[in-house]
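Colleague: Protein sequence lines correspond, in order, to chains Z and X. By the count of numbering that gives the first Met the number 0, the first sequence reaches residue 478 at its end, each step adding exactly one. By the count of numbering that gives the first Met the number 0, the second sequence reaches residue 283 at its end, each step adding exactly one.
These aren't lab readings, by the way, just hints derived from the structure by calculation. Glycine included, each C-beta is placed from N, C-alpha and C at the ideal position. Any given hint could turn out to be false.
Unchecked claim - Cut-off 25 Å, straight-line C-alpha distance, at most; resulting in silico cross-link-like pairs (SDA-like, lysine to any residue): (1) Z:K278 with X:E28; (2) X:K208 with Z:D338; (3) Z:K283 with X:K208.
What the hints assert, rightly or not - Covered stretches of chain X, going by a simulated chain Z footprint (3 or more residues, C-beta under 8 Å): (4) 96–104; (5) 163–170.
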Amino acid sequence: MNQNLAPIAGALEKLRTHRIVPFDVPGHKRGKGNPDLTAFFGQRAVEVDANSMPMLDFLGSPVGVIKEAEELAATAFGASAAFLMVGGTTSSVQAMIMFAVKRGEKILMPRNIHKSALSSLILSGAEPVYIDPSTDKNLGISLGMKLADIEAAITANTDAKAIFLNNPTYYGICSDLQSIVRLAHAHNMLVLVDEAHGTHFSFSEGLPMSAMDAGADMSAVSVHKSGGSLTQSSILLTGKGVNPSHVRQIINLTQTTSASYLLLASLDISRRHLALNGKEIFRKVIDLTTYARSEINQIGKYYAFGKEIINHDSIFDFDTTKLSVNTLKTGLAGIEVYDILRGDYEIQIEYGDIGNFLAYVSIGDEKRDIERLCSSLKDILRTRGKSPMGMMGSEYIHPQVVLTPQEAFYGEKRAMQLTDSLGEISGESVMCYPPGIPVFAPGERITKEALDYIAYAREKGCSISGTQDPDVKEVLVLK
Amino acid sequence: MELWFSEIHTQNVRLDIKLNRHLFSGQSEYQRVDIYESLEYGRILILDGFTMLTEKDEFVYHDMLSHVPMAVNPNIEKVLIIGAGDGGMVRELARYPTIKHMDMVEIDKMVVDACIEHLPQIAHALNDPRLNLYFEDGLKFVRTKQNEYDLIVVDSTDPFGPGEGLFTKEFYGNCYNAMTDAGIMVNQLGGTFYAHDILSMQRAFGKIKGAFPVAYAYQANVSTYPGGHWLFGFATKAAHPIRDAQLDKWQKFGLDTQYYNTKLHAGAFALPNHVLKLLEGGNV
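So here's chain X without its partners, still in its complex pose (with noise of 0.2 Å):
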């Protein structure tokens, strides 16, 4: 017997992945959520049939999406995470003794149940006493916020179904709106390899770029991604990225992480042409 997981990436592509066993499976009032073990990946979280981490390649996404804006401003004391129900941002966060304060918000709490349960490498500082877990829609939450926020992490599924609203010029403004002067905010924004990536990625960051006076696009490799080249969004009201950025600062936190280092901090940033191209040049 042969049990494989097939992610669809194109009409014309797929990824399979062979697996071990099946851990869960529901549906919520949102999306069908899976858990399952692989050989090749360890255990696997799929949202609607699309993977949406690895316990193998995990480290890359949520390095990223931490410790890049924790190094341009280490001074960031509260957090607004929107989505990451599998608690992969709050883990890396909350190795950061400085941040007092972290608010989640996910939409869908069968996500966070099954993750507890069946993913708790990654789960595990769910328990954090500093983090406020709120199950309600982001862009609902962001709406009543005003000038809070050191820094806001957007930790999406992508544009379609649930996570649609957290790809949209309203919930752009209104991050705008809930950070502090020095506030960041980040976010996944997409593949850059196949048309159906590209497109929906060149137009979130369009509504960045018309939302955030500072708006920089940086990448990172997340192999089970489609394609797996993957863009951030960094967004700010004032604060570049690499000009502003305090490595020595950041060092000092004695972080022993996986992928992120303050020598690739400026490199993450350094687009390929073909990318930047899709970005109409909009990049550093």
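Isolated chain Z (complex conformation) (with noise of 0.2 Å):
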């Protein structure tokens, strides 16, 4: 196929220029109804905000110029079928998940899961079983998984119908896919890839595998993160034994009917940037990486992690393009890092928890910014460096599933104080921003780990969420 086409930024090309008179929403009509809106995004993104038409086809049922780009955007990630998702990948975990699993039946997943794969569960009525993913107690990070615990998984329940892995991880470590695909098919399960901060595996040398390439039967990729589209657009990719057409009906169970163009053309720009120039856009990242992690690291105190924490089993690899940071050395949490990048140096990272911080390095980025990071991580270190004494490392709580995340969500609940809660079947989930992962779910019993985590993140300037009560001080728990 011929990667250099973007058909659907062909056709908007084409609404444009054909200036068709519009009786159809929106009601702005191409920004002339609305001039305020158009002179802050400008006249071009208004133009082409346009509602599904037969020239610009439509998501739900493509068969013009959607069905080409999600013909195209397959070939270009090596998949079998690609969906254009328009709802984040919040939207392709969810559609994998309720595609692979419905009520009781159940998925191994690992337990760090973003919080869309849990609410998938709350939607599907899925029976989560959960894999401990490996922490490394000194970097105080989920590492992935072991094949020995998805091999003991797997045994434990041979009824499961699919396995949801996290790869690559936010902080860029990678599970031996190759192997958990040949494992989970002779079990006849499913493999589902979260593979939200791996884009770019599909279109670079040197990097990990991407789920396509091994075989994976889906995987949800931000093509909004590492691939550089507009923010909430994301792409679906299937395998070969998984049926497009059902695939589609599941989507289009909750996706919207109108579908922004914007964001679907985006991702038609994106996927030809991506197969055409890929390889060189991911090189130049590489090269930045790996000059900024040799700079960090000269600093001292500061662990900014690479190919060498790879062991073969739960680090199987590590992709090179994430600048994942250690602080714990530095006296200082990630998160408390985070802060003051932002606040005095005005430096904003992608993200901290308690014990790293991740830098998003992309093609935007020059080196004189990897310069002004390295210098403020060393005026940072000087200044307000403590000794390492009384810092949390691993952040795994081991999680005990009473109910499925649906049973505990729809029950008959109470509200308690957080802190008088241990023991009880939670009803809804508490999650620290960053990392977006539920410290616990639905239910699960309330444990002394989970509680002492949420203080301690607390204190260190987390934000807590994902409870009724916005102050995340009572809790629904079940009657």
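Assembling the complex is the task here: the two chains are given apart, and the hints tell you how they should meet.
Modeller: This is how it looks when you write it as structure tokens:
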């Protein structure tokens, strides 16, 4: 297929030049009806904010330019089929899970799942079987999945329908996908991969294997992250064993019928850019992050980790485009470094948690931006560094699942003080952001570990959310 | 035929200089570099469309960034110069026999090469044996130094483009770390007239005040810079720019300077009221 094409962008260009009189929505009518909007976003942007019509195709049942764009994307990503998504990678993750498991069916997954995976369990009624992603005690981060742990979980749950994985993790850690796929397929389980942080794997050399290349059945890629498309756009990829028509039905259960053509065109244009220039783009990103890692490690105390942490099991591979930095020896939590960088140095990084922070490096960065980051880290160490006493390293909370998330979420509940809730079964989830992973989820018993972690994360400046009570002082527990 | 160079000072104000001939144009990895010969100002160096110096008024800028700190501490031996690819700072500092070592860090080799060829009056001291020239990012260079320099001169472009990193908290913090206890950092802070310049000058001065216990601004008039009235930053770990100045000792160097003299030393720190207000009263 000709990856130089961008059919959706081309159709919008045609719409612009044909000067069709719009007696359809959106009501701003190419911006004319809302001059402030046009002034703010620019004429070119509002002109292509159009509605579905034959020349622009229909996202719910594509037959024209969207179909072509999806076929181009499938080829570019090495998938059998691709679905353009406008509800973020959250919608892609939810479509995967709702496709693979229904009420009462089991799905194997690591505990450090994104909240989008948890919410899809509430929607579908599936039963999660959590696998402990091993944790690196020194770095204080969750790792990939050990093959032996997966094998044990599969043996203990031969009735499970699917296995769900994060690959790569936020910090760039990859599991042995190929072996996991072989194992899962041997037991008739689908492999679903949350590849939100790995869009670039399909377009670069010297990086870990993409889910599609590893033979996974479905993968959710956040093209708006490393792929450069507009925020909220995403692509769902499927392999050859998956019926695309049924996937489309599942997607249409929750997808908007007024998909934004700004998002769709951005996916189309970004796919073209990645297919044509990806190798060069990510070579430059790897050069920048390699340089930054070396400079940050020369400062001392900070540890910008790289491929040396690979252990061929729970860290099967490492995505070197990720600039992940451990801060525990500086005496500062990752989230504290995040706050200092933003507050005092005018540098916004992607996120920080207890022991680490992540600076997102992309094609949009220049060497001099890297110099600013490295120099700021040096200055922060000099002016704010402390003795590393009392830093909590690990963040894995062992979940005790009593009910499925759906049963608990819709069950009879009462409110009580979070601090008094030890031993109760939670009816909602509590998340610390960062990293946005549930500390406990609906249907789980509230443990001392979880309560201690929430208190500590709160003290370090993480934002706590997920409960009906906006301050997360109270939690709903099952009656 | 008339040949003019227009510098955009604001959206509504520009400075036009009539040219005699074009000498050099190049696009480096970092910026566009132009050198022209003008009728009124002699040769002029332009980076990304902004006048960096002219042969006619460069002495003001170079005097004020070199002799002011040298008069506060005439014992300065080891100097770090950031930017200054035209060689003007080195030319002035090389006049002090007591300076033993100069490191100059300029990011853009094209500027140095073009100035050596076309601005020899300014660049001629770049072959001084005490000088070590590094072509790299000043922000990176200073990060690796500790307790080393008696004087750091930051001769940067404006805080947009390649010079941006030299107006940041992290840069000033790392300069503090790179300085000896008796060290002085001076830098160009920007103009006090146009709103755009004022904002970046205020932000930079605020960051210097945050990084150093002693921080002052001082002034000079550079006719080709936007608005004319220009500020410099003076920052130390302890030394006061006037009370600790050793003007008599400086006199003994016997330097013939075009702009600086010991009588204007204190005056340079005496700022007009509207400028004091811009600095939130934070001067002297």
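Colleague: If you test the structure against every hint from before, which numbers come out violated?
Modeller: Hints 3 and 4 not satisfied by this model.
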